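A.B. asks: Sequence:
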Amino acid sequence: MGCKYKQVIVPQHDRPIRKVLLPDLEFYVNLGDWPLEHRKVNETPGPLPIISWCGSLDSRDVILPTYDITHSTLEAMRGVTNDLLSIQGNTGPSWINKTEKAFFRGRDSREERLQLVQLSKDNPQLLDAGITGYFFFQEKEKELGKAKLIGFFDFFKYKYQVNVDGTVAAYRYPYLMLGDSLVLKQDSPYYEHFYMALKPWKHYVPIRRNLSDLLEKVEWAKENDEEAKKIAKEGQLTARDLLQPHRLYCYYYRVLQKYAERQTSKPEIRDGMELVPQPDDSASICQCHRKRPLREEL
Numbered sequence: 001m002g003c004k005y006k007q008v009i010v011p012q013h014d015r016p017i018r019k020v021l022l023p024d025l026e027f028y029v030n031l032g033d034w035p036l037e038h039r040k041v042n043e044t045p046g047p048l049p050i051i052s053w054c055g056s057l058d059s060r061d062v063i064l065p066t067y068d069i070t071h072s073t074l075e076a077m078r079g080v081t082n083d084l085l086s087i088q089g090n091t092g093p094s095w096i097n098k099t100e101k102a103f104f105r106g107r108d109s110r111e112e113r114l115q116l117v118q119l120s121k122d123n124p125q126l127l128d129a130g131i132t133g134y135f136f137f138q139e140k141e142k143e144l145g146k147a148k149l150i151g152f153f154d155f156f157k158y159k160y161q162v163n164v165d166g167t168v169a170a171y172r173y174p175y176l177m178l179g180d181s182l183v184l185k186q187d188s189p190y191y192e193h194f195y196m197a198l199k200p201w202k203h204y205v206p207i208r209r210n211l212s213d214l215l216e217k218v219e220w221a222k223e224n225d226e227e228a229k230k231i232a233k234e235g236q237l238t239a240r241d242l243l244q245p246h247r248l249y250c251y252y253y254r255v256l257q258k259y260a261e262r263q264t265s266k267p268e269i270r271d272g273m274e275l276v277p278q279p280d281d282s283a284s285i286c287q288c289h290r291k292r293p294l295r296e297e298l
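Numbering-wise (UniProt numbering), the sequence shown opens with residue 1 and increments by one.
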């Protein structure tokens, strides 16, 4: 068992296991960002039911909530920098006092992000975009410049947030939705587990993959302020509902339950498997009945 599996997957699966009875399972988990299974049903061999964090229109992976959103949701109030609760309490100025510009900060993990910076240079009255770290396109740093890091809560000083894919779906998207800014989302073949519940022009404003209509959409938002505010609020409330801890627990449970129903082989303990000890209830931080000494009732 790899170190990353222990650090990331085990804590995520441990929580539902300790709350509901799950069947025995054997499954593959993809620890990378990209979905892996691209084979069609009629191919030989056929596709494998690989569990991943990100899906795409041309892949067949089984999608679970990302490690990032799971950790930040379930560890809220316990030292996680960005979590569902902290973002909802730090959404910046009220709508009327936010800066009327679109905003982006991020790494150079997709070429459209570089285009975004150039658009910003050419149209500073509409867009404030910058690359904070270069890895994929290091030769572009001199031309485009490197922006200073900015605290995530400060993103919400701006009315409009631009969500552009990274290597796959941008995992910041749920956090942007939870602020009270309007999200301008790039069309994308990639998706996380909750994307299907979000509708363009109801929860966010769509922009073309090549960003050719981004400035037009920013102008629209400025000219239709009340409608933009309404979409931002609807997106925030819907994301808040979709990403509640109980919904993540239920999503994990249903996926694993359905997986077990379709499993044809019987899971067994094999050579090389490593036992993962379960946490002791006495080590918890709560003060519930589990921490009290047992006593016999009369």
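If you're looking for bench data, these hints aren't it; they were derived computationally from the structure. This one's a predicted model, so the numbers in the text were calculated from it and none came from an experiment. Careful: at least some of the hints might be erroneous.
Derived DEER-like restraints, expressed as beta-carbon distance ranges [unchecked claim]:
hint : residue 1 : residue 2 : range
1    : K202      : E100      : 32 to 38 Å
2    : H246      : F136      : 22 to 28 Å
3    : L237      : Q278      : 18 to 24 Å
4    : P200      : R39       : 29 to 35 Å
5    : D187      : L149      : 23 to 29 Å
6    : Y28       : D213      : 38 to 44 Å
7    : K202      : F136      : 30 to 36 Å
8    : P124      : M273      : 55 to 61 Å
9    : S212      : D271      : 32 to 38 Å
10   : P277      : P200      : 34 to 40 Å
11   : I51       : T167      : 47 to 53 Å
12   : E234      : R18       : 30 to 36 Å
13   : Y253      : E223      : 19 to 25 Å
14   : M273      : I96       : 31 to 37 Å
Straight-line alpha carbon distances no greater than 25 Å define the calculated DSS-like cross-link-like pairs of lysine-lysine that follow [claimed, not checked]:
hint : residue 1 : residue 2
15   : K230      : K199
16   : K101      : K258
17   : K258      : K40
18   : K121      : K146
19   : K222      : K233
20   : K121      : K148
C-beta atoms are modelled at their ideal positions from N, C-alpha and C, and glycine is treated no differently.
A.B. asks: Does each hint fit the structure? Answer for all of them.
C.D. replies: Quick rundown of the hints versus the structure:
1. For the pair K202 and E100, the supplied restraint of 32 to 38 Å is violated, since their beta-carbon distance comes to about 22 Å.
2. Between H246 and F136 the beta carbons are some 38 Å apart, a value that contradicts the proposed interval 22 to 28 Å.
3. At about 37 Å, the beta-carbon gap between L237 and Q278 misses the expected band of 18 to 24 Å.
4. Remark: the range hint 29 to 35 Å for P200 to R39 is upheld by a beta-carbon distance near 30 Å.
5. For the pair D187 and L149, the beta carbons lie near 28 Å from each other, so the given range of 23 to 29 Å is met.
6. Look at Y28 against D213: about 39 Å separates their beta carbons, and that is inside 38 to 44 Å.
7. Distance hint check for K202 and F136: the Cβ-Cβ separation is about 33 Å, which falls inside the suggested range of 30 to 36 Å.
8. The given range of 55 to 61 Å is respected by P124 and M273, whose C-beta atoms sit roughly 57 Å from each other.
9. Checked against the hint of 32 to 38 Å, the C-beta distance between S212 and D271 comes to roughly 56 Å, which is inconsistent with it.
10. Taking the beta carbon of each, P277 and P200 are about 46 Å apart, not inside 34 to 40 Å as hinted.
11. Distance hint check for I51 and T167: the Cβ-Cβ separation is about 19 Å, which falls outside the suggested range of 47 to 53 Å.
12. Range check, E234 to R18: Cβ separation about 35 Å, and the 30 to 36 Å hint holds.
13. Checked against the given bound of 19 to 25 Å, the beta carbons of Y253 and E223, roughly 45 Å apart, lie outside it.
14. A beta carbon spacing of about 58 Å between M273 and I96 contradicts the range 31 to 37 Å that was offered as a hint.
15. Taking the CA atoms of K230 and K199, the gap is about 14 Å. The hint holds against a cut of 25 Å.
16. Among the hinted pairs, K101 with K258 is inconsistent with the structure: their alpha-carbon atoms are about 45 Å apart, more than 25 Å.
17. Restraint check for K258 and K40: the C-alpha separation of about 21 Å stays at or below 25 Å, so the hint holds.
18. Taking the CA atoms of K121 and K146, the gap is about 13 Å. The hint holds against a cut of 25 Å.
19. This hinted pair checks out: K222 and K233 have alpha carbons roughly 16 Å apart, not beyond 25 Å.
20. The suggested pairing of K121 with K148 holds, with an alpha-carbon distance near 16 Å, which does not exceed 25 Å.
This entry does not satisfy hints 1, 2, 3, 9, 10, 11, 13, 14, 16, going by the numbered hints stated previously.
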